[in-house]
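Guided by the hints, dock chain B onto chain A, whose structure is given.
Protein chains in written order, with this note's numbering: chain A, 1 to 257; chain B, 258 to 588.
These are calculated hints, taken from the structure and not from any lab test.
Errors might be hidden in some of the hints.
Stated by the list, open to error - Cut-off 16 Å, straight-line C-alpha distance, at most; resulting in silico cross-link-like pairs (EDC-like, lysine to aspartate or glutamate):
#1 B/K580 / B/D271
#2 B/K452 / A/E121
#3 B/K452 / A/D98
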Amino acid sequence: MPEKQPLLKLESICKHFGAIEALRGIDMEIDRGEVVALLGDNGAGKSTLVKIISGGLRPSSGRIVMEGEPQEFASPAEAKAAGIETVYQDLSLCTNADVVANFFMGREITRRYFGIPVLQERAMEAVVAQAMADGGTNIPSLRTNVEHLSGGQRQAIELNRFVHWGGKLVLLDEPFAALGVEQTRRGLEMIRHVAARGIGVVVITHIMAQAFQVADRIVVVRHGQVAGDVRTDETTTDQVIDMITGGSLSGAGKGRE
Amino acid sequence: MTAARRATIEFLLDNLVWLMLIVVLIVFSLTVPHFFQFGIFTNILEQSTFVGVMAIGLAIVIISGNLDLSVESTAALSAMVTGLLFATQGIGLGLTLDPAWLLLPVSLGIAMLVGALIGFINGFFVVRVGMAAFIVTLASFIWVRGLVVAISGGRSAQRLPDAIRVVGTEDILGIPLLAWISIACFVIFSILMAKTPFGRYITLVGGNAEATYRAGINSNRILWSSFVVAGLLAGVAGWLLAIRTSGATANLGTGMLFNAFAAVVIGGISLKGGIGKLPGVYAGVLLLYSIHTAINLMGLPAHYTQVILGGLVLAAVLLDTLKLRLREKLL
Numbered sequence: 001m002p003e004k005q006p007l008l009k010l011e012s013i014c015k016h017f018g019a020i021e022a023l024r025g026i027d028m029e030i031d032r033g034e035v036v037a038l039l040g041d042n043g044a045g046k047s048t049l050v051k052i053i054s055g056g057l058r059p060s061s062g063r064i065v066m067e068g069e070p071q072e073f074a075s076p077a078e079a080k081a082a083g084i085e086t087v088y089q090d091l092s093l094c095t096n097a098d099v100v101a102n103f104f105m106g107r108e109i110t111r112r113y114f115g116i117p118v119l120q121e122r123a124m125e126a127v128v129a130q131a132m133a134d135g136g137t138n139i140p141s142l143r144t145n146v147e148h149l150s151g152g153q154r155q156a157i158e159l160n161r162f163v164h165w166g167g168k169l170v171l172l173d174e175p176f177a178a179l180g181v182e183q184t185r186r187g188l189e190m191i192r193h194v195a196a197r198g199i200g201v202v203v204i205t206h207i208m209a210q211a212f213q214v215a216d217r218i219v220v221v222r223h224g225q226v227a228g229d230v231r232t233d234e235t236t237t238d239q240v241i242d243m244i245t246g247g248s249l250s251g252a253g254k255g256r257e
Numbered sequence: 258m259t260a261a262r263r264a265t266i267e268f269l270l271d272n273l274v275w276l277m278l279i280v281v282l283i284v285f286s287l288t289v290p291h292f293f294q295f296g297i298f299t300n301i302l303e304q305s306t307f308v309g310v311m312a313i314g315l316a317i318v319i320i321s322g323n324l325d326l327s328v329e330s331t332a333a334l335s336a337m338v339t340g341l342l343f344a345t346q347g348i349g350l351g352l353t354l355d356p357a358w359l360l361l362p363v364s365l366g367i368a369m370l371v372g373a374l375i376g377f378i379n380g381f382f383v384v385r386v387g388m389a390a391f392i393v394t395l396a397s398f399i400w401v402r403g404l405v406v407a408i409s410g411g412r413s414a415q416r417l418p419d420a421i422r423v424v425g426t427e428d429i430l431g432i433p434l435l436a437w438i439s440i441a442c443f444v445i446f447s448i449l450m451a452k453t454p455f456g457r458y459i460t461l462v463g464g465n466a467e468a469t470y471r472a473g474i475n476s477n478r479i480l481w482s483s484f485v486v487a488g489l490l491a492g493v494a495g496w497l498l499a500i501r502t503s504g505a506t507a508n509l510g511t512g513m514l515f516n517a518f519a520a521v522v523i524g525g526i527s528l529k530g531g532i533g534k535l536p537g538v539y540a541g542v543l544l545l546y547s548i549h550t551a552i553n554l555m556g557l558p559a560h561y562t563q564v565i566l567g568g569l570v571l572a573a574v575l576l577d578t579l580k581l582r583l584r585e586k587l588l
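Okay, chain A solo, but in the shape it has when bound (with noise of 0.2 Å):
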């Protein structure tokens, strides 16, 4: 029955860096329409869970299985055609070019002459307009380079672009740390918002209320090992706090097989 797949499962995904064992058999599931906020210590292991479903990193051991197929990504752009949209913590901005050609990075709206596409700059821009004015993201001109735009506003740039795009499932990192108050608002409500269109949503993050605020379930790394994986409304601040440190285990396995 392929309805009950889920979109995204990882199986007894390993990965290890030399002697070292960033992941040491992870097993989460992604529904459609799902927010699950990732959280963890640092150097849980969270980052390198993101590159390997991204594809920026392959996993040593484990499957990755996407809509019941199982998928092995060689590089981003093999997720990308998956349908996996990834918003890094380090930005992915070219600050030397412009808001429109760093939006469509990838993806221009070309017109053939002759067999030579050509870059369709106005439709893009239209777009461009569009997606900003729908964030609620004010920009003086979509012509300035990125150079000379502000952190916050770069940020925005990089949150319009995945909703514009979605995809199926979409994993931000970190995606408010330049954002001020009222932005991270309209960020929460953006992810909402996409994973409205039933589109699967992971967000990685430290701040405990944003994880709360915005999702549906909490799963908690700890050691390179899935620590907890509950519902958000089964939960307190103090048991998913217990499970990033240790504390306790009393929230562990809550909601799982």
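Structure of chain B alone, referenced to chain A:
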């Protein structure tokens, strides 16, 4: 600040090198005797052809964030291969084709192929093996020149057939065909860089290769093809040089690399990658040869040319820094 004023300042800063070219031409016309003549201007255009075509490829590699020191030797190899195959005297084999006009496209095709091959080899070592572009292309600079000396035995090829030489002798509207060719190259590649995904990706990769990789762009292929394009254009430059001198010598084109680099830097291409536009490079080449010409006309010893050009490159880099500060202050 109003949007219009901001746009004006941006425009002026982006096209500063053209402004400089105009100012320099006016100053020379007023102060240097015999400078203000149609013949002098067409001569500047014609002289700019070889370094100009080479500088396009060099600029593309630099915008993508790399470096190509081998373009001069590559041009020499293409020139030598052209001379060796088609020249009728010296070491030339004097190959003929029927009909004779076929010589033109065939010789150009071979020269481009030779250049592209060298570029492909450079790209292989830089992109696939992961070596530093500086070392790889410095090695090519040396071994390709060595190859030129080896295949020619140090001797020269002379007298290309007239079917090829027309390119160097004809003119259209009083402007030499050679100049038209370099203008055409600049127009074609400026459009390629500004209007096609290939050009867009070259700029983006030069700005942040990691981001383009994450965005699903095959950045390695882009980097590799920039080397191939640079080699190909160096091949064209060599072919034009062979036509101009109606043959090839083993030391043909020595010193062109530094002129090409100077033109690229003066033209506003940042060596850090990702910044600069091709029309600026053409202005840079023209500026360079205007100064060459003025020095010749003034009868200064040729040695001074190098001192002045070196100073000019330094000034260009300084200007680039100043421009950045000015932009921060004004915009």
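Indices of hints not satisfied (ascending) = No hint contradicted; all consistent.
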